[in-house]
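Listed here are the chains, written in short residue letters.
Number of protein chains: 2
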Amino acid sequence: METILSTQNNRVKEWEKLKTKKGRKKTGMYLIEGRHLVSEVLQNDADVVYVVATQDELDEIKFEVPNDLLVVVSDKIADHLSDTVTTQGIFAIVRIPNKERQIQEPASYIEGAWLLLDNIQDPGNIGTMVRTADAAGFEGVVFGKGTADIFNPKIQRAMQGSQFHIRLVLGDLNEWVKSFRKANLPVFGTELNPQAKSYQEIEATNDFALIMGNEGNGMSKELLSQTTANLYIPIKGQAESLNVAVAAGILMFSLKDI
Amino acid sequence: METILSTQNNRVKEWEKLKTKKGRKKTGMYLIEGRHLVSEVLQNDADVVYVVATQDELDEIKFEVPNDLLVVVSDKIADHLSDTVTTQGIFAIVRIPNKERQIQEPASYIEGAWLLLDNIQDPGNIGTMVRTADAAGFEGVVFGKGTADIFNPKIQRAMQGSQFHIRLVLGDLNEWVKSFRKANLPVFGTELNPQAKSYQEIEATNDFALIMGNEGNGMSKELLSQTTANLYIPIKGQAESLNVAVAAGILMFSLKDI
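Those sequence lines, one after another, are chains A and B.
When you line the first sequence up against this note's numbering, it's residues 1 to 258, in that order.
When you line the second sequence up against this note's numbering, it's residues 1 to 258, in that order.
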């Protein structure tokens, strides 16, 4: 165990940089925050480099932190590292797994339900969709081109531990769609268009891909043209659309067989 | 039309205060931001006092702003008023309708589906739930005790115009539940508990109440004991729970008849 009290400490400065994509790329590390997430990361097969916490928070938590990982810091340092308004004061610095730093090819044999994210921007939406995919029994989530970075601290926080439960990969969505089609598995696009099929017409199944598109512009035309079916959620009131994470939740729970 | 260029202008200072509950209570006004919302408020039966916009934004918009409401401001003033990282530079100052400042009794004759919010905190979640209730064809949303303020700018923004499509009222949820029960209409509580009924067992219907509870602690025990049935969403993966707005979306679209 060691103690750091100055916000000017070099390591503290390095950790702060992990909030940016550039900083994560340079060091190959990422930062997670909060009691629940740190507890989850320690229970999982992740490469934790440090657990950084205030003494007050250490007195509070109910799980063990290995002594050789522990760095005790001041409240001020915790505030610097934090991405929240009132921090709990506990963080982990974790090495990004090598495979998750690169675009992955879809497996030759695909199983389970997969959520494909096409150019989704909002960290809260992305994290919530990963959490919902976990709850709906999905196998994994593919982060396609233009979708925000898996290791963004806001996304990590919104995932609420689901990042340690299901598979998250960077991927070329065109390749993933091709693999599903080749395996004769359905690929559902989502389109804000009553010309598409209502999701209620689709029977629940186990192995499929569901693509969610950009908050403002929807899915790319190229991907839309390669799906088995494009689905929409019938809007009954005057709202123009649904929040993408809410739409994804309705679709995932309706499409995935128990 | 008038023009204000100083952030020290008294009216600008008054408008800034509308971001706080105290400021809204004192003046009886609220502030909304963004092209879409301002366009909606002007089309609706709302008491708009001013439309405040930068000249660049006025050159951009495709809808008419009545000249006697218009105040042109500098980019700097727009930044001061804004609640977003990059503002579009258009706002409306709107009088809070008298009826929405007071707790309302439930109507003696209840119709349609109503979403009841019990002690919900996060503005994004609340706004998203109102937007989803609109899309699902709900009649209105009741803001119960402890739920954040209807006129909070973040909530107003997340509602995306649905505040002008469905009824939003402050209310005592105990009274609302009693009224539904008296009218022999179902009241569905939500409980993170497999002892509850799976939502999939409930047939879709038109007139009912659905109660969503606090993000961390769920619904109040008192309300839970007064419902017709308490529902849960079966979790298939390892996630501990769903985001409350996602859960509300799944339930509303499943419970409400088309």
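Simulated from the structure, these hints should not be mistaken for lab results.
You may find that some hints are simply not true.
Since copy identity is lost for identical chains, a pair holds within one copy or between any two.
In the DSSO-like style, the derived pairs of lysine-lysine whose C-alpha atoms are separated by at most 30 Å in a straight line are [what the hints assert, rightly or not]: (1) K197 x K236; (2) K22 x K197; (3) K17 x K197; (4) K236 x K26; (5) K182 x K25; (6) K19 x K154.
As the structure is a prediction and not an experimental result, all values here were calculated from the model.
The hints, checked one at a time:
| no. | hint | result |
| --- | --- | --- |
| 1 | K197 x K236 | both (15 Å within a copy, 26 Å between copies) |
| 2 | K22 x K197 | neither (41 Å within a copy, 48 Å between copies) |
| 3 | K17 x K197 | neither (45 Å within a copy, 47 Å between copies) |
| 4 | K236 x K26 | neither (48 Å within a copy, 37 Å between copies) |
| 5 | K182 x K25 | neither (34 Å within a copy, 61 Å between copies) |
| 6 | K19 x K154 | both (9 Å within a copy, 24 Å between copies) |
In this structure, the earlier hints numbered 2, 3, 4 and 5 are contradicted, and the remaining ones agree with it.
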